[in-house]
Amino acid sequence: MLTILFDGIAYGMLLFILAVGLAVTMGLMNFINLAHGAFAMVGGYITVLLMQKMGVPFLVCLPLAFLGSALLGGVLERTLYRPLYHKPHLDQVLFSIGLTFMAVATADYFIGSSQQIIQLPEWLKGRTELGQGDWMLGMGHYRLFIIAVCAALTVALQYVLTKTRFGSRLRASVDDQRVAAGMGINVNVVFLGTFAVGSGLAGLGGALGAEVLGLDPSFPLKFMIYFLIVVAVGGTSSITGPLLAALLLGIADVAGKYYIPKLGGFIVYSLMIMILIWRPQGLFVRKGGK
Amino acid sequence: MSTVHPVPAGAETVLSAQGLVMKFGGITATNNVTLNLKKGARHALIGPNGAGKTTLINLLTGVLQPTEGKIILEGRDITELAPYQRVRRGMVRTFQINQLFDTLTPLETLAMTVSQHQGLGGKWWQALGSQKRATERCEQLLEQFHLTGVMAQETRVLAYGKRRLLEIAIALACEPRVLLLDEPVAGVPAGEREELLQTVAALPADVSVLLIEHDMDLVFSFANRMTVLVNGTVLTEGDPDQIANDPRVKAVYLGHGDEINDAMEVASAEGAAA
Amino acid sequence: MTNSPTNSQNLLLQSGRWKLWEYPLWLLALASPFVLSSHALIINEIAIVALFALSLDLILGYTGIVSLGHAAFFGMGAYSAALFAKLVMPDPLLGLAVGMAAAGLLGALCSATILRGTDLTRLMVTLGVGLILMELANKLDWLTGGADGLQGVIMGPLLGQFEFDLSGRTAAWYSITVLLLVFVVARRFVNSPFGATLKAIRDNRLRAMAIGIPVTSRLAVVYTVAAALAGAAGALLAQTTGFASLDVFEFHRSADVMLILVVGGVGWLYGGVVGAIVFKLMQDAISSITPQYWTFWIGLFLVVLVLVGRERLIRPWTWMRRGSMGSKS
Chain A
1 MLTILFDGIA
11 YGMLLFILAV
21 GLAVTMGLMN
31 FINLAHGAFA
41 MVGGYITVLL
51 MQKMGVPFLV
61 CLPLAFLGSA
71 LLGGVLERTL
81 YRPLYHKPHL
91 DQVLFSIGLT
101 FMAVATADYF
111 IGSSQQIIQL
121 PEWLKGRTEL
131 GQGDWMLGMG
141 HYRLFIIAVC
151 AALTVALQYV
161 LTKTRFGSRL
171 RASVDDQRVA
181 AGMGINVNVV
191 FLGTFAVGSG
201 LAGLGGALGA
211 EVLGLDPSFP
221 LKFMIYFLIV
231 VAVGGTSSIT
241 GPLLAALLLG
251 IADVAGKYYI
261 PKLGGFIVYS
271 LMIMILIWRP
281 QGLFVRKGGK
Chain B
1001 MSTVHPVPAG
1011 AETVLSAQGL
1021 VMKFGGITAT
1031 NNVTLNLKKG
1041 ARHALIGPNG
1051 AGKTTLINLL
1061 TGVLQPTEGK
1071 IILEGRDITE
1081 LAPYQRVRRG
1091 MVRTFQINQL
1101 FDTLTPLETL
1111 AMTVSQHQGL
1121 GGKWWQALGS
1131 QKRATERCEQ
1141 LLEQFHLTGV
1151 MAQETRVLAY
1161 GKRRLLEIAI
1171 ALACEPRVLL
1181 LDEPVAGVPA
1191 GEREELLQTV
1201 AALPADVSVL
1211 LIEHDMDLVF
1221 SFANRMTVLV
1231 NGTVLTEGDP
1241 DQIANDPRVK
1251 AVYLGHGDEI
1261 NDAMEVASAE
1271 GAAA
Chain C
2001 MTNSPTNSQN
2011 LLLQSGRWKL
2021 WEYPLWLLAL
2031 ASPFVLSSHA
2041 LIINEIAIVA
2051 LFALSLDLIL
2061 GYTGIVSLGH
2071 AAFFGMGAYS
2081 AALFAKLVMP
2091 DPLLGLAVGM
2101 AAAGLLGALC
2111 SATILRGTDL
2121 TRLMVTLGVG
2131 LILMELANKL
2141 DWLTGGADGL
2151 QGVIMGPLLG
2161 QFEFDLSGRT
2171 AAWYSITVLL
2181 LVFVVARRFV
2191 NSPFGATLKA
2201 IRDNRLRAMA
2211 IGIPVTSRLA
2221 VVYTVAAALA
2231 GAAGALLAQT
2241 TGFASLDVFE
2251 FHRSADVMLI
2261 LVVGGVGWLY
2271 GGVVGAIVFK
2281 LMQDAISSIT
2291 PQYWTFWIGL
2301 FLVVLVLVGR
2311 ERLIRPWTWM
2321 RRGSMGSKS
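Protein chains in written order, with this note's numbering: chain A, 1 to 290; chain B, 1001 to 1274; chain C, 2001 to 2329.
The hints are simulated quantities; they were obtained by calculation from the structure and are not laboratory data. Treat the hints with care, since some could be wrong.
[As the list claims (entries may be wrong)] Okay, derived cross-link-like pairs now, SDA-like style, lysine to any residue, Cα gap no bigger than 20 Å in a straight line:
#1 K257(A) - P2214(C)
#2 K262(A) - L2143(C)
#3 K125(A) - L62(A)
#4 K257(A) - K2139(C)
#5 K1123(B) - L2300(C)
#6 K87(A) - L2300(C)
#7 K2139(C) - L62(A)
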């Protein structure tokens, strides 16, 4: 049981890193971006291709995945997303679905539709077991690695948000865009930077998650609902909200699939619907979320 | 000087707000407000910007739920009722910023509203426009509000003055017994004000009207009773002559800080004015 | 000087009246399975998709709610009708009614969830429902055949007379007739006082409440009706193709139907029909090259459509004088 908890936490932290960019950009730009998963997929494929074709070590691939996705995100924000910020949500949904379809089809065409296998470095394989019997905690080293990396990133994010100038500019822009602009904050730069970092984090998450979640062209569509759950339940006005939501989701999903395999994902979706009925603004929102 | 008829003696109270309090976190937007609207009244609610006048309207119509207090409409407690239920009981409001249906024409808008109020809103089989009674009432309203000429144009292309007229026409199409007008002439160009003012002045005598307005000419020519609201509290209430001559009211509008504070303290000490 | 009563009445009634070009259009449609009998299969598909899109139009075009899970009702109708034919009786019309009832019931249940919250919450919930149903259909494989789908749905003759033949003519004719009937009813519905209140809710929900419209119950009714109609489309699919599979619940279906409606024009009822024709014909042409190409071009089309602006690309409502509303910005 503790192992399940452990696996659930690892899964949840991974989801958090994948989805945090979406939460922040949704809170910031009020833009429903269903293509977020595509950036994750890009990061995953960058890692796979670099490792397989050029023999780049895994650890080096991770920051490269981040940079690659961040760059792509920045370019797309500036060219495609920016003109659409004031369009109604229907248009944003259609647009981001379109981007996703394009990404999925491109990946399918150039790389093929089979699952990608990542060869983890030796020191990440293996497993440590503590305790015994029912209370045994089985910790896969790779999952331990994921938790460590994601926790470090979370701390870093929180630091940036609360202690740096960029962070306070970001928070001001989320709270009230017009007032922030009126105070001299360059909202365009804030948007661009945030979107790029958010996409980069998604890419990093995709790279980290390739081994755990699987990587194939349908990744963005398969996991879109999970990212959206994290954002909808966790709210967009903080990063602790999505963190808690992601952990909840991760644990619920792993536990559900283990204890009641017949129902599988059903539990997660029903849980989400019930939470959203009970609290339409999300579980962890401190004031009216968007 | 006022051409307005005074409130008939012994007129019943149709709308009563009792001890309304509205708190948003640490801010008290409405502080123990009591207001009684008599039948057939032309009651104006005045006060400086930010006094909480629109908040009060939102409380009365159910858009906001009060932190404390009660609202009684025609003898029945409506504090718990949803906005649309209060409309069904005869209390209708207009909005300071036009809230219209942009893709519908004035004809369609009014036809829809009138049908809704004649109990036809749930009919899905008949065509809109096939019920003679509804269409006739609709034409009356278009006529009364000088909208006949533009009745077939989409609302989003109408001039501001016409939109404002439509805003009020919609409220009248609901056959209100209590009408809450939130700054009806706000933003209306001088050339179109007359039209609007005439229409407001020609409202049926048995409709009780609560008017929020900044335009003092309109207020003094229209109202037979006035309530002054400052910082969410009722400063004073009385008939137009009393209010016009009240030094505290003058202080509020001319902005003498100390006098305002003194006035506020006295008002709170007196409890609910009038 | 007042307009004579007939003038305003005329203006109002005008949008509900059938225009001259509509009669021959529908007659042609009804005749097409016989005239173009070699294409009966695709005609059938077009009619089904058009019905599905029409049902979404009631939600999207007339109330403004963005739903990404409409396939849930489509699939519910498909599986219910298929199971009814297999387990109870193979009469097509009864099966259609069962499919509509099941989907409508599901819609009524879901309507409670979609009326609260923001655009995002609604999107989520509609998505979630679709996914749950897919999971259910997958896991309850003793009933639904799981990933293999429900095979061997054999329909009895329509109205006791017309057998479903291999060429698909009866099927196509059946689907088009259902589409027409629904269209006629929907037409009356959107031009009624009820329909007008829906447009009011779409344009300005705050004001709709402020004039006494019971917004929540109106939306619940529309959503239920739209769900039932989507169920009808699903039932037709199961009945005319002889089986039901998991892909009726797929996200692709929900996304595709939204695209179809947007292409054809949201909010004027013909949008679904026009979009379905365009979409299906193009799909037939392009996907024979490679399946991946199709997804890519759809994606590109969506991106371009939004960037250019939906209204600038297609403006169908101007074809109908003072007809129902066209796409909203």
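Hint-by-hint comparison with the structure:
Proposed proximity of K257(A) and P2214(C) is contradicted: the alpha carbons are some 42 Å apart, above 20 Å. Our distance criterion of 20 Å between C-alpha atoms is met by K262(A) and L2143(C), whose separation comes to about 14 Å. For the proposed pair K125(A) and L62(A), the alpha carbon gap of about 17 Å is at most 20 Å, so the pair holds. Taking the CA atoms of K257(A) and K2139(C), the gap is about 13 Å. The hint holds against a cut of 20 Å.
Note on K1123(B) and L2300(C): the hinted pairing is violated, with a Cα-Cα distance of about 43 Å set against a maximum of 20 Å. Of the pairs offered as hints, the one joining K87(A) and L2300(C) holds, with about 18 Å between alpha carbons and a cut-off of 20 Å not exceeded. Of the supplied pair hints, the one linking K2139(C) and L62(A) is violated, its CA atoms being roughly 37 Å apart against a limit of 20 Å.
Of the numbered hints stated above, those contradicted by the structure are hints 1, 5 and 7, listed in ascending order.
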